[in-house]
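Asks: Chains as they are written, first to last, in my numbering: chain A, 1 to 663; chain B, 1 to 145; chain C, 1 to 277; chain D, 1 to 338; chain E, 1 to 291.
Treat each hint with caution, since some may be false.
[Unchecked claim] No more than 25 Å apart at the CA atoms, straight line, and that leaves these computed lysine-lysine pairs for DSS-like:
(1) B:Lys118 / A:Lys528
(2) A:Lys608 / E:Lys52
(3) E:Lys67 / D:Lys226
(4) E:Lys106 / D:Lys227
(5) E:Lys251 / D:Lys226
(6) A:Lys3 / D:Lys257
(7) E:Lys52 / D:Lys328
(8) D:Lys328 / A:Lys3
(9) A:Lys184 / A:Lys3
(10) D:Lys227 / E:Lys67
Hint data in this document are derived by calculation from the structure and do not stem from the laboratory.
Just so we're clear, the structure is a prediction, and the values are computed from it rather than from any experiment.
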Amino acid sequence: MQKIGVFVCWCGSNIAATVDVKAVAEAVKNEPGVVVSTEYQYMCSAAGQKMIQEAIKEHHLDGIVVCSCSPRMHEATFRKTAEAAGLNPYMVEIANIREQCSWIHKDMAEGTEKAIILARSAIAKLRNNMPLQAGTSAVKKRCLVIGGGIAGIQTALDVADAGFEVDIVEKRPTIGGRMAQLDKTFPTLDCSACILTPKMVEASQSEKINIISYAEVEKVNGFVGNFTATIRKKARYVDELKCTGCGLCMAKCPAKKGKNEFNMELDNRPAIYIPFAQAIPNVAVIDPEQCNKLKNDKCGLCERVCTAGAINYKQQDELIEREYGAIVVATGFQPIDANPLNELGYAENADVVTSLELERLMNAAGPSKGTLVRPSDGKHPHTIVFVQCVGSRCDENTKRGKPYCSKICCMYTAKHAMLIREKYPDTDVHVFYIDVRTPGKNFDEFYRRAVEQYGVDYIKGQVGKVANENGKLMVQGSDLINGEQITIAADLVVLATAIEPDPTARSIGTMLTSSMDTNDFFTEAHPKLRPVESPTAGIFLSGVCQGPKDIPETVAQAGAAASKVIGLLAKDHLVTNPCVAGSNELLCNGCSQCEKVCPYGAITYIEKEVRGPGVREVRRIAQVNPAVCQGCGACTVTCPSGAMDLKGFSNQQIMAEVDAICL
Amino acid sequence: MSVNEKTWKPKVVAFCCNWCSYAGADLAGSGRLAYPAEIKIIRVPCSCRVNPMFILRAFERGADGVIICGCHPGDCHYTSGNYYARRRMTMLFSMLDFLGIERGRTRVEWVSAAEGQKFANTMNEFAKTITELGENRKLGDLRCK
Amino acid sequence: MTKETLVPVLGVVTDVRVDTPDVKTFRVNALEGGKCFEHKPGQCAMLSIPGVGEAMFSITSSPTNKEFMEFSIKKCGCLTEWLHRMEVGQQITVRGPYGNAFPVDTDLKGQSLLFVAGGIGLAPLRSVINYVRDNRADYGKVAIVYGSRSKDDLVDYPEIVNEWCQEAGIDVYLTIDAAQEGWDGHVGFVPNYVGELGFNPDTYGRALVCGPPIMIKFTLQALEKLGFGHTQVYTTMELRMKCGVGKCGRCNIGHKYVCKDGPVFRYDELGELPDEY
Amino acid sequence: MMRKFAAAKVEDIIKSIPMPVYAPIEENGLVQYDRYEEGAKLNLDTCKTEKSPKDVLFPQWEDMMHFRVEGKNISLTEQERCSQDYVLFGARACDLKAFEVLDRVFLVDPVDTYYAARRAHGITVAIACGQPEDTCFCGVFGIDPANPTADVVLWKAGEEYYAEAQTKRGEELMANWETEEANAADVEPVKAEITKKLAEKPFANLSLKGLDGDHMMEMFGSDKWKKLSMACLGCGSCTFVCPTCQCYDIRDYDSGKDIQRYRCWDSCMYSDFTLMAHGTNRPTQVERYRQRFMHKLCYYPANNEGLYSCVGCGRCVRKCPMNLNIVKVIKALGEENK
Amino acid sequence: MIANELKKRALELLADGTVARVLGWQPGELEHDWSPALFENAKDMEGFVYGKYAGANLSKYCLKLNKAEGKTLVMLKPCDTFSFNQLLHEHRLNRENFYIIGVGCKGMEDQNGLLLKCTCCKGKTHEIYDEIIDDEEARQPMPEADRFEQVSKLEQMSHEERFEFWRNELSRCIRCNACRNVCPACTCVKCVFDNPNSGIASKANVTDFEENMFHIIRAYHVAGRCTDCGECSRVCPQNIPLHLLNRKFIKDMNELYGDYQAGVGEEERTPMTSYTLGDVEPGIVHERGNE
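Extracted from the complex, chain A is given alone in its bound form (with noise of 0.2 Å):
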């Protein structure tokens, strides 16, 4: 039989006044297993700790239970308490007699009656507890940031900073992602390269930051601190150590039709190509869907060019496993698709651009070299018309876009508006619109400059259709303010397209175990107070993979992520928490329901030789890593055999408390 000890608290008069703590005491002095019961003023006084912990060694107990405050308030104190007896801290059990009952109830009959029930559920619950052990598991000091987007960078240079080993894994042919394709950046308008590339080059530079470009993490095993990452670069045909950015093979290459995906595919650039001026690392890549050398064997012009030999049409994908305590994801986003949207003719009108289109065709070293032109026919447009909220803000049922607010459109349309009324003063810019939204620092202000000193056109209403008559694109639309259809002919139509996450945020986010939103935007550990963590331990997040955001907002986060991470990699060891759960292997069906349920990818499955009373075979059962698991319990309760149980908070534990409550 266990020995228990009991440990009323009068707590001055808070308990004392409406509950007989010595009738308490003795009440439960012959509940099974009670050894000694006893009351004091102040438990948690040095005396009260001093009290219990003799009792701990004079009678040998195993476990105590103590009715005093809160569990919040004191659980911590009194498992130190019995810690330092000799108890192991997991085997105290706290009865809330003062918050759940002397303060609530007047009467001392009924409170004395509710504290000695509390009391006895609390034994109750300690007759089933089991000594438990923290864990520990070393952490990794390095950090993998997937995506190298300015989040990307940020978090990278912020962890670089503090000391630690920093991977950016990039699957385009250079970092700098999204924001080296802006123009110019909203409210202050200062260019968005002027402002990228120092830290594009500040993170080449940094000893402790390794740039792994055109390469995709493929898969990840391990749990916070302890990630194994496998990252696959794929063959770039030319060696980076070698290439010095000269851009001769790409002058010389004859292969000229490769859709430009920097430009937005507004124009053609070489099979071999470096994706623009500023790329790091600035080295060629060879498209190999373009290349004739790679397709059919024939030409090897850029081998014959290169002077320093760094060609190499022979170059395999190579896969880099590294080990990471921490992953920061920072996938980014990208436009949505615009074809499917018939009524605004994006598919059939070259005219009818997206925003980030129009930030390539407004942007220096883009494909009309800054200089405004219509993609049809090369001229300057007079009329444009902005459609904002294409594709966002939908109602979910008519599938035709994003439930969510993207959040970055009104402002950089009015962006749009005021540069292009700037530099081209003759030209009309109306901007149909459902609401303008412009929370943030010198934004409204920014927007009210658009409209009052630049004269842009803001109409309140949507698009209905964008058709071409003779060149001219009629715009029709609501204007609700009047109460009027209006149709405007213009000769430009952009439209501010939702941003989605990256593609690629799926799959990543499968391999991470980390949970998702319906959108395919990573979910937060919480959302107001764990905004840059995933629920999965070890894992952050990092810019718009987490929700709409724009650039000073990214880099916030990206530095808070960073921080999260600094704080983890800061520790050698991490303690885990041992009120986790596990899977009794007898009982485990390995039906894979627990795995669905787990929000931080506890649970794996292994083939295992089961060994039992009359069972000798291998099945399929579930494990939970304790470095990962939380202790929520939601395991426990879609296991139907009873095999998943949550130490600490174990069936039998709760079913004591409930009989000793109904007793």
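Got chain A; can you put chains B, C, D and E on it based on the hints?
Replies: Same frame as chain A, now just chains B, C, D and E:
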């Protein structure tokens, strides 16, 4: 034991998640917001830890009402626990209803750590409902009477 | 016999002896003192802690002990774990005696006896051994071969060393499975030891074997090799039992119920039964 | 002495019996033995009740004793044994024969007092089977459905019941019934009809040759068990509807206030029936299946002078979800030994 | 005749070593008492039958056969394939251990006529198979009954009526476990009701509570996994309409969380292992209906 209608008092078990509702109950306590002593709280890490078995067990052992309290949807400490709890309890309650057990003996309420007043109000309301429903005769185990 | 088939009497634990790391021997008395009931060597009793369960255990004390009964219990399941937590003064329920006992007054009488036991298998034999010691004149020579995994797992070691070994006409052979510091006795498995010792079936007219199934199996083979006939060897069986009175339907081997027709079987009797044990 | 009464009066007779009466009652289309109460739908014509009347003597669960544990002390209160006479009305020959089978388990030393008390207080009123069913094969076990063994036996002839007390208790019971004198010879055609009908049933000619205690090893070692048991789900429906299955479990229920020790039916078909802390001696359904039929056709007869513990009521034939049954076993194993 | 075709094909597959055994049906002693059976060679196959008394769902037997050496040919009716597929989703079976012949079905019978489960047929399409053998007639759709009709009727009743209804039904339960043991979703290596450490183990319905408990928990544990194969009600020796409990859950899940059929397609989250942010609150079940 004969049950005297006048002295009969309901037995109510309240499962409260550690992070929100249990804290809410503590707040009700610090605010000295009274609710009936017949309500006894069992602390669970999350509302998703509440197994339908526990609820049936409580009724078996003589409880007259069971209430499950958790964080508001969206606020779960474990991100999704209360969403699972919500489905599980919906299904369980529906089955109890289908078997003809009185409605109202079971309830789910989302109570945040800041809602001490709501906690007390909920408990008072629930105790009142259970008192009106009277003793749980349909789902108890005679051996525990 | 307890008055009613399935209704136990109350007993109280009056002594707890720790024999090995997982075996304890409990002394049980009736509440009013004395024994709960009389029994014959080899018989069993149902012990129970209400709410935990009921299980059958050999009565390890000899019927010649008129003061108390003893049970040596190995911790191996839920109930035995609870039993091991018992302290002096703990009440338990007891019913019995059950089973058929060794034929100490018939077939064994006048014979020299070879006892072979492994581990906790000594428990039923100890009852017989002490019965024989107390009725020394009725029996011939006695040889006891007893082995266990290690020296720490030998049950009743003090009694064996201090009493049995000291008694004239009793040869005690102890062995452990693997060599161990502090043990200068024989090392090896019981069946092999029995073979090595080369008991003569003409000298030892009857052999009584009890232990884990695998040990019984090989010991029977060893005895057979030494020339022991099937009618000369007795062993005891253990199967799941619930009622103790041959009614609940669990413990049958063929048409025999271990709790009622057993647990003691002569080797030749087992040969006539289906092999389902 | 043969008496008779109008069939329509049977309910009045039951109502007049001054003690509890258990009779086949129809509810939801199922006929089961239950305590007769005013308004219940009596059904004496259905040959086979869903479950056998075994429950009356050996209920599915029974409270045996209560314990209270306080500190180290235990107190025990025994549940009282049945002390009131009752009547089992309408039982069939097979069911009553099954009582004999149960008696040889529960009433042999050491006597099961719970069972014994119920048995002693029961007065049986049997009805000869007017309409044997296709699944009936009681005749195979030497049971004559036309001549049940009971305190009182009823035969239905046309719109009348003929009744004859076979024991003194039966006479006492019948003394209060409103009956008229009858000629015993009038019942003979009824009996002959029953015998004829039974002989026409599909399993009437089942042979038990080679199935007995003497063939234990052959039966046990047969390689047919594997195929026979393949479809067995390991449920307990056959054992629970069987009038002779008597395996039980003893369990404790801790209500928190006291501990109730109760006995309940168990089934040798269950995987945990013989499970111990270190395994089970019947690890697969093959062994469990074999145990059940070996017990009925071999072990029991070996211990009881050749009496089978199957009475051919055919309930298992009707109830097995997968249509496994003792008939298939008898045919498979019996033939083997021919 | 479809039975002959099946036999022919099975013999071929046995002969060429594709499968080591065949799981099918064999006739009994009476007209209707067919049983599931294993056939290991051509001689065994002489006893193979298929037809209107092949009502048993063979999926559950596959659990045991999953460990057998070599492939098993299993014959599955359209509704049985849902169970089999669900077992695949739950990793209880390895697809490569089975060769599935989807067999046509015209509705199954027992001595009392069309089986209850066949009155609401899930349709004629097999969810999973290696090949299909059926005939034109078997492809005719069954008359379609509303499978939730009785559940809805019960929902319309008052609480007292419902309570009475279920007390009446469940009080007949003899805890033979036929429903559990036949259920292709009840595949726990050890059922909580058999596990002495689960806290709810029991072997008999000593009180009304235990009757309720067993059936509530059983239905709850298979909720979202139950394919509505109807075997539980078919095998109940006491004719308890147990499928109504499962259908109640299915109906609720369909109504509250969107239509869902277990055993369809690929492994995915069941309604009980998923959620949406906008799920209804549990209180809805207390507000439904008009009482």
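Asks: For the pair we were handed, A:Lys184 and A:Lys3, check the Cα-Cα distance against 25 Å.
Replies: The given pair, whose Cα atoms are some 73 Å apart, is violated under the 25 Å limit.
Asks: Starting from A:Lys3, check that the Cα of D:Lys257 is at most 25 Å away, please.
Replies: holds, 22 Å
Asks: Would the hint linking E:Lys52 and D:Lys328 be met if the CA-CA limit is 25 Å?
Replies: holds, 21 Å
Asks: For the pair supplied as a hint, D:Lys227 and E:Lys67, confirm whether the alpha-carbon distance does not exceed 25 Å.
Replies: holds, 17 Å
Asks: When you check the alpha-carbon spacing of E:Lys67 and D:Lys226, does it fall within 25 Å?
Replies: The given pair, whose Cα atoms are some 16 Å apart, holds under the 25 Å limit.
Asks: Under the criterion that the straight-line Cα-Cα distance not exceed 25 Å, is the pair E:Lys106, D:Lys227 satisfied?
Replies: violated, 28 Å
Asks: Has the given pair, A:Lys608 with E:Lys52, been kept, meaning a C-alpha gap of at most 25 Å?
Replies: violated, 42 Å
Asks: For the pair we were handed, D:Lys328 and A:Lys3, check the Cα-Cα distance against 25 Å.
Replies: Judged against 25 Å, a Cα distance of about 59 Å means the pair is violated.
Asks: Is the Cα-Cα distance between E:Lys251 and D:Lys226 25 Å or less?
Replies: violated, 41 Å
Asks: Within 25 Å, alpha carbon to alpha carbon, are B:Lys118 and A:Lys528?
Replies: holds, 21 Å
Of the hints listed earlier, those the structure fails to meet are numbers 2, 4, 5, 8, 9, in rising order.
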